[in-house]
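S.K.: Under the working numbering, residues 1 to 183 are what the sequence shown spells out, in order.
By construction, these hints were calculated from the structure, which means they are not laboratory data. Just to be clear, a hint being listed does not mean it is correct.
[As the list claims (entries may be wrong)] The calculated BS3-like cross-link candidates involving lysine-lysine, where the alpha carbons are at most 25 angstroms apart (straight line), are:
(1) 58 to 69
(2) 58 to 72
(3) 88 to 58
(4) 88 to 102
(5) 72 to 88
(6) 98 to 88
[As the list claims (entries may be wrong)] Label pairs and their in silico Cβ distance ranges:
(7) 108 to 23: 19 to 29 angstroms
(8) 17 to 143: 37 to 47 angstroms
(9) 172 to 58: 32 to 42 angstroms
(10) 23 to 111: 17 to 27 angstroms
(11) 150 to 181: 13 to 23 angstroms
(12) 53 to 162: 41 to 51 angstroms
(13) 64 to 109: 42 to 52 angstroms
(14) 181 to 145: 13 to 23 angstroms
(15) 54 to 27: 17 to 27 angstroms
(16) 66 to 96: 29 to 39 angstroms
(17) 109 to 45: 17 to 27 angstroms
(18) 99 to 55: 24 to 34 angstroms
(19) 157 to 23: 27 to 37 angstroms
(20) 51 to 113: 14 to 24 angstroms
The C-beta atom is built at its ideal place from N, Cα and C for all residues, glycine as well.
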Amino acid sequence: QRRVRKQWYQRRVRDKSVTFDPFWDLSLPLPRSKGSCPNLQSCFSEFTQEEILDGEEKPTCENCKKRQKCTKQFSIERFPPILVLHLKRFSEVRYRTKLSTKVDFPVDSLDLSDFASGTELDAPRYDLVGVSNHSGNTFSGHYIAYCRTTGRWHRFSDSSVSSLSRSDIVSPEAYVLFYERKS
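Please put together the full structure from these sequences, using the hints given.
M.R.: Next comes the structure, spelled out in structure tokens:
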């Protein structure tokens with residue numbers, strides 16, 4: 001079963017807690033770097049980066065029963081045969097906007113070994129098999145699917161299907177990525 005490892009650490013009481021949560025997909029934040037085209041590895045780095053929980057986010061300590069400042073960090077405990085990655089393209093800052101940042105992602109050999117929690121025996125590698133693209137804005141839009149079938153890429157849009165060049169797969173409209181684990 002696919003699992004995310006969530007590690008909590010409270011420095012004050014030197015308490016460390018590890019929980020495991022199943023997942024169907026991973027929602028990856030888009031890095032906030034200006035000017036350059038982020039890649040999927042940088043989205044994973046942002047997702048697995050240690051986060052300080054303070055203020056309203058502070059959890060309740062199981063030992064002292066008080067809300068304590070702590071850190072939280074994710075890693076992948078078990079990788080699935082089909083990996084679904086959701087790129088967080090919609091922002092809640094002041095008003096809902098769509099982020100049209102182009103994210104560079106590999107079509108072949110996505111290597112996620114840097115984000116594994118260490119229990120995986122084989123380095124998880126994936127090949128892209130599909131992309132759900134969203135064109136439009138937060139209030140209306142259209143979805144188009146790119147799928148690899150028998151080694152060739154196709155574009156599916158409502159009632160039409162057409163061949164797709166491999167160079168057209170990575171676009172600023174990519175919203176959900178579907179990867180198949182290499183055997």
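S.K.: Honestly, which of those hints from before does the structure not fit?
M.R.: none
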